[in-house]
Amino acid sequence: MNAQRHLTYLSFGFLATALLGLAGCSTDRDPNELLVPEDVGVLTVDAVLTVSKQFPAIRISRTGAPGDPFNVADVLVQRDIADMRIRNDDSSVIVKYTYDSQSNSGFWVPIASDSRYRVDPETRYELVVKTEAAEVLSATTITPPLLDVDDWVILDDAGEEVIRRFASYDDVNHPDEIYLANEIVYSTGLLEAQFQRPDVPAFEVGIFSLDLGSDYVIDPDFFDEEDFDSLDRETSSPPIESEDGTLRLPWFAIFFEGRYSIKIYAMDQNWYDLARSAPGFGDGGVGFGGQAGDDFERPIFHVEGGIGLFGSTSVDSIGFYVQPRP
Amino acid sequence: MAKWSVEAGADPTVAKSHASVWTALLLLFVGSVCLAPIARAATLTGQVTDSESGDALDFVNVVAILIADDNQRKGASSEPDGVYRLESLRVGTYRLLSSRIGYVAREDTVRVVDPVTRFDVRMIEDAIQVGGVDVTADRLAKEKEVQPSVVEIGREQIKSLPSIGETDPLKGIQFLPGVQAASDISTGLYIRGGGPDQTLVLVDEVPIYNPTHAFGFFSTFNGDLVDGVKLYKGAYPAEYGGRLGAVVDVSMREPESDEVTGTAGISTITSRLALEGRAGDRGNWIVGVRRTFLEPFLSAIRTEDNDIPSYYFYDLNAGYKWSGRGGDKVKATAYTGRDNLRFDLDEDSYLKLRWGNTVLSTSYSHIFATAFLTEMSLSVSEYESKNEVQIFTTPIQFSNRILDISLRGDVTYEWSSDRRLTAGVLGSTYEFEFYQEFNEKAQVDYRKKPHDVSAFLQDDWRISEGLRMQTGLRGRYFSDGSRYLLEPRISLGQKVGDNWRIKAAGGVYHQYLQLVSTEGFSAGDFYLPIDDTANPSRAIQGVLGVEYEPSDDYQVAVETYYTDLSDIVAFDNRATGDSSEFDAESIFVTGGTGWASGLELFAEKRTGDVTGWIGYTLGYTRRTFDELNGGREFPPKYDRRHDINAIASWKRGKWTYGMAFVYGTGQAFTPASALYTVRNPADGQYEVLILPGERNSARLLPYHRVDLSVSRGFSFFGSDAKWMFQLFNAYSRRNEWFVQYDTEDLTTSPQVFKMLPLIPSIGMEVEF
Numbered sequence: 001m002n003a004q005r006h007l008t009y010l011s012f013g014f015l016a017t018a019l020l021g022l023a024g025c026s027t028d029r030d031p032n033e034l035l036v037p038e039d040v041g042v043l044t045v046d047a048v049l050t051v052s053k054q055f056p057a058i059r060i061s062r063t064g065a066p067g068d069p070f071n072v073a074d075v076l077v078q079r080d081i082a083d084m085r086i087r088n089d090d091s092s093v094i095v096k097y098t099y100d101s102q103s104n105s106g107f108w109v110p111i112a113s114d115s116r117y118r119v120d121p122e123t124r125y126e127l128v129v130k131t132e133a134a135e136v137l138s139a140t141t142i143t144p145p146l147l148d149v150d151d152w153v154i155l156d157d158a159g160e161e162v163i164r165r166f167a168s169y170d171d172v173n174h175p176d177e178i179y180l181a182n183e184i185v186y187s188t189g190l191l192e193a194q195f196q197r198p199d200v201p202a203f204e205v206g207i208f209s210l211d212l213g214s215d216y217v218i219d220p221d222f223f224d225e226e227d228f229d230s231l232d233r234e235t236s237s238p239p240i241e242s243e244d245g246t247l248r249l250p251w252f253a254i255f256f257e258g259r260y261s262i263k264i265y266a267m268d269q270n271w272y273d274l275a276r277s278a279p280g281f282g283d284g285g286v287g288f289g290g291q292a293g294d295d296f297e298r299p300i301f302h303v304e305g306g307i308g309l310f311g312s313t314s315v316d317s318i319g320f321y322v323q324p325r326p
Numbered sequence: 001m002a003k004w005s006v007e008a009g010a011d012p013t014v015a016k017s018h019a020s021v022w023t024a025l026l027l028l029f030v031g032s033v034c035l036a037p038i039a040r041a042a043t044l045t046g047q048v049t050d051s052e053s054g055d056a057l058d059f060v061n062v063v064a065i066l067i068a069d070d071n072q073r074k075g076a077s078s079e080p081d082g083v084y085r086l087e088s089l090r091v092g093t094y095r096l097l098s099s100r101i102g103y104v105a106r107e108d109t110v111r112v113v114d115p116v117t118r119f120d121v122r123m124i125e126d127a128i129q130v131g132g133v134d135v136t137a138d139r140l141a142k143e144k145e146v147q148p149s150v151v152e153i154g155r156e157q158i159k160s161l162p163s164i165g166e167t168d169p170l171k172g173i174q175f176l177p178g179v180q181a182a183s184d185i186s187t188g189l190y191i192r193g194g195g196p197d198q199t200l201v202l203v204d205e206v207p208i209y210n211p212t213h214a215f216g217f218f219s220t221f222n223g224d225l226v227d228g229v230k231l232y233k234g235a236y237p238a239e240y241g242g243r244l245g246a247v248v249d250v251s252m253r254e255p256e257s258d259e260v261t262g263t264a265g266i267s268t269i270t271s272r273l274a275l276e277g278r279a280g281d282r283g284n285w286i287v288g289v290r291r292t293f294l295e296p297f298l299s300a301i302r303t304e305d306n307d308i309p310s311y312y313f314y315d316l317n318a319g320y321k322w323s324g325r326g327g328d329k330v331k332a333t334a335y336t337g338r339d340n341l342r343f344d345l346d347e348d349s350y351l352k353l354r355w356g357n358t359v360l361s362t363s364y365s366h367i368f369a370t371a372f373l374t375e376m377s378l379s380v381s382e383y384e385s386k387n388e389v390q391i392f393t394t395p396i397q398f399s400n401r402i403l404d405i406s407l408r409g410d411v412t413y414e415w416s417s418d419r420r421l422t423a424g425v426l427g428s429t430y431e432f433e434f435y436q437e438f439n440e441k442a443q444v445d446y447r448k449k450p451h452d453v454s455a456f457l458q459d460d461w462r463i464s465e466g467l468r469m470q471t472g473l474r475g476r477y478f479s480d481g482s483r484y485l486l487e488p489r490i491s492l493g494q495k496v497g498d499n500w501r502i503k504a505a506g507g508v509y510h511q512y513l514q515l516v517s518t519e520g521f522s523a524g525d526f527y528l529p530i531d532d533t534a535n536p537s538r539a540i541q542g543v544l545g546v547e548y549e550p551s552d553d554y555q556v557a558v559e560t561y562y563t564d565l566s567d568i569v570a571f572d573n574r575a576t577g578d579s580s581e582f583d584a585e586s587i588f589v590t591g592g593t594g595w596a597s598g599l600e601l602f603a604e605k606r607t608g609d610v611t612g613w614i615g616y617t618l619g620y621t622r623r624t625f626d627e628l629n630g631g632r633e634f635p636p637k638y639d640r641r642h643d644i645n646a647i648a649s650w651k652r653g654k655w656t657y658g659m660a661f662v663y664g665t666g667q668a669f670t671p672a673s674a675l676y677t678v679r680n681p682a683d684g685q686y687e688v689l690i691l692p693g694e695r696n697s698a699r700l701l702p703y704h705r706v707d708l709s710v711s712r713g714f715s716f717f718g719s720d721a722k723w724m725f726q727l728f729n730a731y732s733r734r735n736e737w738f739v740q741y742d743t744e745d746l747t748t749s750p751q752v753f754k755m756l757p758l759i760p761s762i763g764m765e766v767e768f
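Going down the list, the sequences are from chains H and E.
Under full-length UniProt numbering, the residues of the first sequence are numbered 1 to 326, in order.
Under full-length UniProt numbering, the residues of the second sequence are numbered 1 to 768, in order.
For reference, chain H alone in the conformation it holds in the complex (with noise of 0.2 Å):
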């Protein structure tokens, strides 16, 4: 019994002795021990094609060390590329890119006689970067179809009728007046886009504020200061499926009064699985958790030789006006 007895204020012993030392424990730690610089130094292109446009500027740059300032001008590739081009599937179309020292704000540009190309709907484009270190970048996009929205309207707020139609850009005749012709009360209904759903993977809607300093139509109680200057003239919506044609916008990415526009995006494959997967990009993705492993995932890029975005996208938008409630 005796030893029993001993056992026990033995183990009672020594389990205190080892608390005592667990609890002196810190929790305080460098939080650069939470980060782990093994991809800095990898090529990054940043490009998105949108049908009947020209050519668009890309943008090369290299990763970054997490942890350090971020500079953009540090990391962008703005003279050791030796050869940047795109081309469609047959070669008809070669667009060679050259660096616009003009502007010498990190953008390659097409060359000056590659300027006159567009981009096609549903056709298949390659860019290829080689860098004079013989790096090489290569990525593929495939158009989607013309966007064209048949109506804007404004829904009741049941969402079962339509109580008005917007005007269109061909209802009027300057575009400026397309404004005057779609004012609107913040909101007042459900706004609407309808249209005959292309072959897509989805749809971004991006909304603009134009009139810079024009007032607040929003007034929470629970908003502070730094809350209303945290609000953005520009914003964009997650990846939307949009399975019926239809895109229903919501109040709550209005904030300001004025001159608005919106557009809706239809995204190609690479664009919609970068949003999708890329944590932090757009506000995309259903995320669960905190970035501790369930959503902290790597992107899909679609991209040889490096990361970043090389995709297209049709486009089509409107304008109003937003009044605010009376």
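Keep in mind that the hints were calculated from the coordinates and are not lab data.
Using N, Cα and C, we set each Cβ at its ideal position, and we do this for glycine too.
Any given hint could be a false lead.
[Claimed, not checked] Pairs of lysine to aspartate or glutamate residues, derived as EDC-like cross-links and limited to a Cα-Cα distance of at most 16 Å, are as follows:
no.: 1; chain 1: E; residue 1: 754; chain 2: H; residue 2: 28
no.: 2; chain 1: E; residue 1: 441; chain 2: H; residue 2: 241
no.: 3; chain 1: E; residue 1: 144; chain 2: E; residue 2: 604
no.: 4; chain 1: E; residue 1: 441; chain 2: H; residue 2: 244
[What the hints assert, rightly or not] Beta-carbon label-pair distances, calculated as ranges:
no.: 5; chain 1: H; residue 1: 31; chain 2: E; residue 2: 651; range: 29 to 37 Å
no.: 6; chain 1: H; residue 1: 52; chain 2: E; residue 2: 757; range: 44 to 52 Å
no.: 7; chain 1: H; residue 1: 226; chain 2: E; residue 2: 302; range: 20 to 28 Å
no.: 8; chain 1: E; residue 1: 343; chain 2: H; residue 2: 194; range: 46 to 54 Å
no.: 9; chain 1: E; residue 1: 757; chain 2: H; residue 2: 130; range: 38 to 46 Å
no.: 10; chain 1: H; residue 1: 30; chain 2: E; residue 2: 407; range: 56 to 64 Å
no.: 11; chain 1: H; residue 1: 30; chain 2: E; residue 2: 760; range: 26 to 34 Å
no.: 12; chain 1: H; residue 1: 15; chain 2: E; residue 2: 328; range: 46 to 54 Å
no.: 13; chain 1: E; residue 1: 338; chain 2: H; residue 2: 177; range: 53 to 61 Å
no.: 14; chain 1: H; residue 1: 160; chain 2: E; residue 2: 533; range: 31 to 39 Å
For this one, chain H is given, so just place chain E on it according to the hints.
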């Protein structure tokens, strides 16, 4: 103590009765049934009944002590039909001690002869409640002889574990080796390298689909009404199915009291009341209610400038038991619980979350003969979550629901003194619903009604004095995809010497229902069936263990396990929010493989003033999916290399002191490996983004904490009462929960969100 002396006679007919009833079942189970049972030692069996009513009595502790040698003793607990069985006895004369709360303990002298001796025990009800009878009935004794990885924690043990305010069975089993929690505020169970969806949680054998309150802070189980928790950590037997990993079976307390008695309690968070009593000559009832009382305090501090949400949860339990003559029993139980959270920001913006479970079940058991027990049950289990959010006049709704209606029939046949056959059929019909509406437009409206039929046959056979084998086969049909599956199970237990036992078990397991869940805390979790677009997940498990029991006081166990996983799935975070594709292939990343392996050490002191256990687990687990981590193998977040648990309880007079210690390797997480920049084409803004590195390739700091508790019994207006004081995380270690990289402001260092600091709580309960 009353004393009787009865000369019992042998009953050689036990092994032969009702054999014909089983002919059909035997044909299904040719492999093992062809082998005849071999009786090599004496068995003492009989039925325990109430001397007045003739009711069969379960949970009667029956202990036989050989008069010629006090060291030769065996104990068992009577089953629901009142039958007890003591096996492997030496021929001789025994003192037979029988005891049960509410009855006069008795001692009989019984002459045990080879092969089977029958001796019925009639218990006399005690007019005055017998206090202090220590019922340490080991009704798992037989199962523990053959089944590794099974643990039962009783009500008193659960209540003695330190906790935050509320006694919680699910949090209690997180202290066992091989079991870990996702966080301080999660009742999700990660058992032997499996995720929470790989564990089947049952309440009185009925599945409960989201057993949480307060986002996982508490489980749905009211500690006052729980009788015990049985946990199969792996290689579970054929009577269970449907999950890849483990089974947690929570038994609610059956009403027994003849008088109206009750327990009332109050803690820092809830108040609760449980009452039970007699209904007519043969019935008993029990009801319990628990509710948070935070709302008056929240309301008091809520002002126009101070947005404080409204939150409460409640649960209600009710049970009725009717015991007929000859062991017939009818049971009906009901549970319902709801959580409500409402956060009114202003007239245009609010948040309303409401979720909860409802479980209804009724069962009837009948004993056709001493050796032939049947039980039928009908159950309904529903989980639903309804949520509404409105942001600046834009309404969003999302809700989900699972309804499980099941009919179950089990028969148990005592083939002989050494062999028991059990068979059962379970038919379930499910309704899955998931609805999502954005801006008055339905985005997802998913409804599915699959059916699931399974049947099992299990043979528990004591082959020799020390060798016991349990074989089983479970067949399953799932209507979604019209698939049939067979799942063989086997376990073996070999006694070595007086104190050692070697056990091994294995089996094949499949899972059709998959949980879509947050891993950090439980809110809005929902289940979805694997349809014909993907294969059901499969696990092949093997467990090998050695147990050493030098006495009834101590147990030491070592177990090692290996699980092979195939066709496992992971929720695809990359699906778009309004996706109408709701088949398994679209919702999940499918076709994954994986494995889990580990070694568990467990030492327990069961009796005396100081009780408790120490456990250690060495674990490894990995997953591989073509679509994740570039197809390379990775550890899931809950891959924990080392895990230490220690529990101690010290009773000293009216005082009881408790301590729990947990240490675990830090959780795996995915670190940032670089920064890059691209323009968001939709709004033209350039964004600097974080590039995630190798999946779960970094670790948080090790997790450890100590919980302490002290309680003291006292008299409260003549009733037994107890107050409790508890310290959760006594040395207030701010364990790391998860890492957040700020994608908006990259000048901000990565933030580590911490788990709970020291939380004191007090409580009191009164039994009347």
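Here is how each hint holds up against the structure:
With a C-alpha separation of about 11 Å, the suggested pairing of residue 754 of chain E with residue 28 of chain H holds against the 16 Å cut-off. In summary, the hint linking residue 441 of chain E to residue 241 of chain H is supported, as the alpha carbons are separated by about 13 Å, within the 16 Å threshold. For the given pair, residue 144 of chain E sits about 15 Å from residue 604 of chain E by alpha-carbon distance, which is consistent with the 16 Å threshold. With a CA separation close to 11 Å, the supplied pair residue 441 of chain E and residue 244 of chain H stays within the 16 Å bound.
The given range of 29 to 37 Å is broken by residue 31 of chain H and residue 651 of chain E, whose C-beta atoms sit roughly 47 Å from each other. Judged by the Cβ atoms, the range 44 to 52 Å given for residue 52 of chain H and residue 757 of chain E is violated: they are separated by roughly 59 Å. Range check, residue 226 of chain H to residue 302 of chain E: Cβ separation about 23 Å, and the 20 to 28 Å hint holds. Evaluation of the 46 to 54 Å hint for residue 343 of chain E and residue 194 of chain H yields a failure: the beta carbon distance comes to about 34 Å.
Taken as a hint, the range 38 to 46 Å is violated for the pair residue 757 of chain E and residue 130 of chain H, whose Cβ atoms sit roughly 56 Å apart. Our hint of 56 to 64 Å for residue 30 of chain H and residue 407 of chain E holds, since their Cβ atoms are close to 60 Å apart. Under the hint 26 to 34 Å, the C-beta atoms of residue 30 of chain H and residue 760 of chain E, about 32 Å apart, fit the expected range. Between residue 15 of chain H and residue 328 of chain E the beta carbons are some 50 Å apart, a value that agrees with the proposed interval 46 to 54 Å.
The hinted window of 53 to 61 Å between residue 338 of chain E and residue 177 of chain H holds, with their beta carbons roughly 55 Å apart. At roughly 34 Å, the beta carbons of residue 160 of chain H and residue 533 of chain E sit within the given window of 31 to 39 Å.
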